[in-house]
Every structure is written in C-alpha cells, then in structure tokens.
Amino acid sequence: MTAFLDLAVDIAREAGDMLLAKRPARPEAVQTKSSQTDVVTALDRASEELIRDRIKAARPGDAILGEEGGETVGAETREGRVRWIVDPIDGTVNFMYGLPDWAVSIAVEVDGEVVAGVVNVVPRGELFAAGKGGGAELMRQGMPAERLHCNTGVPLSQALIATGFGYQPGRRAVQAEVLAHVLPKVRDIRRGGSCAADLCSVAAGRVDGYYERGAEYWDFAAGGLIAAEAGARIGGLRGRPYNPDLTVCAAPGLFEQLHDLLEPLDPERDA
414 MTAFLDLAVD IAREAGDMLL AKRPARPEAV QTKSSQTDVV TALDRASEEL IRDRIKAARP
474 GDAILGEEGG ETVGAETREG RVRWIVDPID GTVNFMYGLP DWAVSIAVEV DGEVVAGVVN
534 VVPRGELFAA GKGGGAELMR QGMPAERLHC NTGVPLSQAL IATGFGYQPG RRAVQAEVLA
594 HVLPKVRDIR RGGSCAADLC SVAAGRVDGY YERGAEYWDF AAGGLIAAEA GARIGGLRGR
654 PYNPDLTVCA APGLFEQLHD LLEPLDPERD A
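Last residue of the sequence shown? That's 684 in our numbering, and every number before it is there in order.
Derived by calculation from the structure, the hints in this document are not laboratory data. Positions of the beta carbon are idealized from the N, C-alpha and C atoms, including for glycine. Take the hints with a grain of salt, since some may be wrong.
[As the list claims (entries may be wrong)] Listed next, with one range per pair, are the computed distances between beta-carbon atoms:
1. Asp679 / Pro473: 39 to 49 Å
2. Pro568 / Glu484: 39 to 49 Å
3. Arg439 / Gly547: 21 to 31 Å
4. Ile602 / Gly666: 24 to 34 Å
5. Asp679 / Ser570: 18 to 28 Å
6. Gly555 / Arg494: 18 to 28 Å
7. Ala416 / Gly482: 19 to 29 Å
8. Phe578 / Arg491: 38 to 48 Å
9. Ala438 / Leu596: 15 to 25 Å
10. Ala471 / Ile602: 37 to 47 Å
11. Ile602 / Pro473: 22 to 32 Å
12. Asp430 / Ala558: 15 to 25 Å
13. Ala434 / Glu590: 14 to 24 Å
14. Pro568 / Asp419: 13 to 23 Å
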C-alpha cells in the first residue's frame with residue numbers, strides 16, 4: 414500500500430504543478446456535460462491525460478477510471494485487481510473562477526477496496542493522503558506531515574456542515590428544500606464546491622460533517638478514505654455504503670444525528 418500511496422502522491426503533485434503553471438487568467442469551458450453549468454476545461458483533459466500516462470508508465474497492467482476518459486480495463490496483478498480512480502480537477506467551476514477549493518483526486522482500489530487516497534488541494538498548497546489502516550495526513554511544502562483527526566463530540570445543533578449541489582435544476586430545487594430544513598438545526602452551512610476538498614475538511618476538523626447528493630465515485634473515493642482514516646464515519650442512508658444517491662460523513666455520533674435529520678426529508682429524490 415505504501416508503494417501505491419507514494420506513486421499517487423507523486424502523480425497528484427505533478428498534475429497540480431502542471432495545472433498551476435498552465436492555468437490562464439480565466440480558463441474557458443470547452444464542453445458541458447449533464448447541464449450548461451456542468452463544465453469541462455481543456456486542462457481537465459490535460460490533467461487526466463498526464464495522470465493516465467504516469468500510471469501506465471509505472472503500472473501498465475492496472476485499470477483506470479477517470480472522470481473525463483472513462484474506464485480502461487486492467488489485468489490481474491500480483492497484488493490483485495488494481496484500479497485507479499481519477500478526478501483530474503474536482504471543482505472545475507472553482508478552477509475557472511480562481512477560487513481556491515479545487516483539487517486533483519487520485520484513489521487506488523485493490524479487489525474493489527480503496528487502499529490509498531490522495532487529494533491535492535493545489536491553490537492552498539495542501540496535499541491530503543491516507544493508506545488503508547495507516548491513518549490520514551496533511552502535507553505542506555517545507556513542513557512536517559500533520560496527522561489528521563476529525564472533530565468528535567459535536568452535537569448536531571453546534572455542527573458546521575458542508576454540502577454541495579448538483580447541476581440539474583430539478584435536483585437543485587430539492588437540494589434547496591432539504592437545505593432549508595437542515596440549516597435551522599445546525600450551527601451553519603458551508604458550500605466549498607469540491608467534494609474531495611470537503612471530505613478532507615471533515616478529516617482536518619475544519620467542518621464537522623458533510624452531506625451531498627450527486628457526488629460521483631471519482632469525487633469521493635480518495636477523500637472518503639482520508640476522512641475515514643481520520644476517524645469519520647462515511648456512508649449512505651439506511652446502512653448503505655456511500656454512493657452518488659447520497660454521501661454523509663461525520664464523526665460517529667454526529668453521523669447518526671445528521672443521517673436521522675436527512676432521512677425523512679427524502680434527499681435522494683429529484684424534482
């Protein structure tokens with residue numbers, strides 16, 4: 414696992430450095446996906462291409478699932494079936510507007526289990542990393558690594574909760590309805606614009622919890638491991654694993670309170 418994590422760290426750093434060096438004053442969208450607000454830039458594609466090239470050079474037999482390039486099938490290796498989960502820029506709208514919460518996210522699965530995760534929040538100079546069973550760390554240039562621990566013992570009424578919104582108008586309408594019920598029950602809400610960065614914020618204790626409908630596997634694979642290794646619980650509704658229908662993350666205790674607040678609101682629906 415250390416080898417996977419070290420390689421993921423190196424690749425995420427290289428991709429982040431490339432994005433900083435090549436980002437124009439105002440990147441423009443080159444394509445939209447699910448809606449006119451769901452955008453892709455040329456540097457999303459360039460970042461994923463760089464990441465794929467580095468993975469293939471180091472581990473040519475591994476599978477890769479990327480947000481922009483889809484999935485390439487791998488072969489059985491001595492470690493098992495290895496798949497890399499890549500989001501070349503999580504928070505593309507932030508990237509376009511020059512906001513600081515966008516990240517390169519890379520996770521590694523072995524036989525379907527995420528064993529390593531790296532989230533490089535590039536503008537902040539912060540790289541979050543975790544290996545399965547080894548805890549989570551925050552690395553900054555020139556500073557010793559910081560061990561991460563999520564906030565514990567926070568009741569729902571005092572919890573700072575992060576969330577995000579989808580791209581389709583019907584989904585956003587329901588998310589606004591759910592938010593209107595959640596907001597009076599918590600300390601406050603934060604909307605950063607990057608699922609991966611939000612999960613790392615849970616890990617670092619910068620927010621107490623997080624929920625979102627519509628985050629995809631490449632958004633939460635790495636950040637989910639980092640949050641879990643920092644002591645958070647992450648899952649879906651009614652005992653399901655976390656998934657695109659709904660992802661909830663917080664320390665045990667707060668997780669259950671947030672789950673029980675969300676469940677009767679039917680947050681997995683769209684208008």
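message: Let me make sure I understand: some of the numbered hints might not hold for this structure. Which ones are they, in numerical order?
response: 3, 4, 6, 9, 11, 13 and 14
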